[in-house]
Amino acid sequence: MSAHSTSVSAKAALPAAVNRALRGVVRLFREKPLGAIGAVIVVVFLFCGIFADWLAPYGINQISPVNRLKPPSERFWFGTDHLGRDMFSRILYGARLSVIIGLAGATLATFISITLGVVSGYFGGKVDMIVQRLVDAWMSFPELVILIAVVSVVGPGMYQIIVILGMTFGIGGSRIIRGAVVSVRETMYIHSTQSMGASTWRVLWRHILPNIMPPVLVLFSTRVGSVILVESGLSFLGLGVPPPAPSWGGMLSGTGRTYMYLAPWLAFAPGLCLTFVVYGINVFGDALRDLLDPRMRGSR
Amino acid sequence: MRAYLVRRLLALIPTLFFASLIVFSTVRLLPGDVIDQMIAQNDIGSKASREALEAALGLDKPMMTQYFSWIGAILLHGDFGNSLWQQSPVLDELLARMPVTFELGAMALVVALVVAIPIGIISAMKQDGWADYLGRSFSILMLSVPGFWMGTIVMVFPAIWWGISPEVRYISFREDPLGNLAQLAIPAVILGTALSAITMRMTRTMMLEVLRQDYIRTARAKGQTERGVILRHALRNALIPVVTLIGLQAPILIGGAVIMEQIFVIPGMGLLLLEAVSRRDYPVITGVFLLVGVVVMLINLIVDLSYGLLDPKVRYR
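These protein sequence lines map, in sequence, to chains G and Y.
In terms of this note's numbering, the first sequence opens at residue 1 and continues consecutively.
In terms of this note's numbering, the second sequence opens at residue 301 and continues consecutively.
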């Protein structure tokens with residue numbers, strides 16, 4: 001760990017935030033070994049996604065008709081598909097796609113959750129009533145059904161998927177943020193800030209927001225996994241990111257599926273990667289929740 | 301009880317109103333003119349003129365009028381409009397497809413409970429033992445395996461190894477009950493195991509909580525058998541939050557059913573939705589969308605009402 005060695009040499013210069021983060025990592029490994037495994041999977045996944053260009057031995061859509069449907073070998077670790085594209089390279093680029101969609105979708109979702117949750121929870125009253133009924137109505141639709149209906153109008157594509165997934169998960173998650181805001185709102189320090197004449201904006205920004213960070217972080221981390229899983233589900237149905245983009249879900253569907261009977265390895269790599277990554281994010285999210293926010297334990 | 305039911309039904313009205321608004325606006329107000337897309341991507345465009353299409357969808361009227369005539373027709377006449385593709389009433393199609401999805405969903409739920417509750421109980425009884433670890437690991441793993449991947453594997457590998465592939469033609473329950481159940485069994489098991497993960501964790505957590513209570517010690521002290529303690533005293537009290545969870549999982553179940561219906565070619569509401577999407581048949585899409593929302597709301601209502609059966613302490617006021 002290079003970060004550790006620098007922390008020894010330049011300890012005083014390190015900002016407090018970095019120091020805290022490092023201590024958090026140590027705590028994670030010591031107290032939650034399973035969560036640490038999850039964290040390692042997440043880091044490897046991020047690494048593969050970010051450096052896909054350097055890591056991938058072949059191009060993303062590099063077609064090679066001579067090498068079509070080759071089983072896994074030294075040259076093609078995960079075999080090749082019906083166009084002779086290297087599956088290993090496509091998996092790496094697929095990781096990048098998942099990283100982008102997962103992070104962007106979860107960021108948007110968290111932003112929407114915070115906005116709705118804070119407005120609903122802090123102001124209460126009629127606003128709360130109306131927002132909560134809307135959330136109720138929204139949550140009675142299966143995510144996938146909303147997504148399919150919306151995609152049927154706006155058409156498939158990466159940006160659409162990010163926005164729709166962000167909105168869907170954002171509205172659903174606002175409940176959790178609202179709960180946190182409601183419990184913070186009634187604390188002594190908020191009342192005293194209010195009585196000192198702080199503006200609403202200041203109360204929200206400087207006092208409410210920092211105090212709801214633990215559930216926000218937990219929500220964000222679990223959302224990344226959900227977004228990735230649902231995106232792959234949509235792509236599997238042909239409604240996500242359209243081919244030839246290397247979406248893990250998309251690789252399991254359409255033409256890929258017809259060739260699986262001849263080349264069973266096509267079925268393995270994308271599904272296994274997806275399972276691993278979502279497993280990693282789930283376990284990491286669980287550990288994060290236990291460490292940051294004991295109140296939420298067992299809520300999922 | 302009756303007053304409670306009436307109040308709950310009344311409280312459903314605003315939620316239903318918002319739900320209908322969501323359905324209406326999602327399918328009609330989003331960027332990209334529906335008509336343009338229909339003409340561009342469908343051969344409907346070549347058959348009918350733009351004006352005729354707009355009139356058929358009622359898009360030539362103001363938004364408010366459109367909404368009220370749409371919801372009015374549904375509420376007063378059960379009229380969801382006609383399919384743009386087949387010109388048949390959407391309602392007929394919905395009624396034909398709904399039981400299939402319900403059957404699949406119910407079977408999956410049974411699988412989920414049959415798997416989850418015993419494992420949850422054993423896991424709690426042998427806390428931190430090997431059975432507990434095994435059960436919990438299985439549960440986290442099942443949470444992470446995408447259903448569509450399991451479905452694909454189940455379709456592909458038996459075909460390669462043993463040359464078995466599932467029947468693609470749907471067997472209805474009326475013509476062959478056993479064949480129908482056998483056909484739905486595999487997707488129901490895949491869907492059910494995925495669902496069992498969360499239920500199992502909840503059962504375990506609640507059982508652990510309940511087993512620490514004084515009345516459990518009392519039951520043991522009076523000489524009740526372990527089986528009696530677990531089943532009569534602990535499980536019944538632990539089950540209430542588990543039942544709530546089943547209500548919360550209804551949307552997940554229906555979402556999963558869409559994918560299973562696609563993989564195993566089961567003509568339920570999910571497949572209807574996907575077919576409608578590929579044909580841009582908006583009245584059908586809106587119909588399925590709205591119906592699914594209403595069904596989920598009703599399931600949650602039924603779940604709330606069932607508390608009284610499980611827990612006599614619950615009084616509806």
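Please note that the accuracy of each hint is not assured.
Stated by the list, open to error - Simulated coverage check for chain Y against chain G, where a stretch passes if three residues somewhere in it have a Cβ under 8 Å from a Cβ of chain G:
{"hint": "1", "segment": "316-327"}
{"hint": "2", "segment": "365-374"}
{"hint": "3", "segment": "454-461"}
{"hint": "4", "segment": "511-525"}
{"hint": "5", "segment": "557-564"}
Claimed, not checked - When the alpha-carbon atoms are kept at most 20 Å apart in a straight line, the in silico DMTMM-like pairs for lysine to aspartate or glutamate are as follows:
{"hint": "6", "chain 1": "G", "residue 1": "Lys32", "chain 2": "Y", "residue 2": "Asp432"}
{"hint": "7", "chain 1": "Y", "residue 1": "Lys361", "chain 2": "Y", "residue 2": "Asp379"}
{"hint": "8", "chain 1": "Y", "residue 1": "Lys426", "chain 2": "Y", "residue 2": "Glu575"}
{"hint": "9", "chain 1": "G", "residue 1": "Lys70", "chain 2": "G", "residue 2": "Asp290"}
{"hint": "10", "chain 1": "G", "residue 1": "Lys32", "chain 2": "Y", "residue 2": "Asp428"}
{"hint": "11", "chain 1": "G", "residue 1": "Lys126", "chain 2": "G", "residue 2": "Asp136"}
Honestly, the hints are just simulated from the structure, not real lab data.
The structure presented is a predicted model; accordingly, all values stated were derived computationally and were not measured.
From the three backbone atoms N, C-alpha and C, an ideal C-beta is built for every residue, glycine too.
Hints and how they fare:
{"no.": "1", "hint": "316-327", "result": "holds (count 9)"}
{"no.": "2", "hint": "365-374", "result": "violated (count 0)"}
{"no.": "3", "hint": "454-461", "result": "holds (count 4)"}
{"no.": "4", "hint": "511-525", "result": "violated (count 0)"}
{"no.": "5", "hint": "557-564", "result": "holds (count 3)"}
{"no.": "6", "hint": "G:Lys32 x Y:Asp432", "result": "17 Å, holds"}
{"no.": "7", "hint": "Y:Lys361 x Y:Asp379", "result": "19 Å, holds"}
{"no.": "8", "hint": "Y:Lys426 x Y:Glu575", "result": "48 Å, violated"}
{"no.": "9", "hint": "G:Lys70 x G:Asp290", "result": "45 Å, violated"}
{"no.": "10", "hint": "G:Lys32 x Y:Asp428", "result": "15 Å, holds"}
{"no.": "11", "hint": "G:Lys126 x G:Asp136", "result": "15 Å, holds"}
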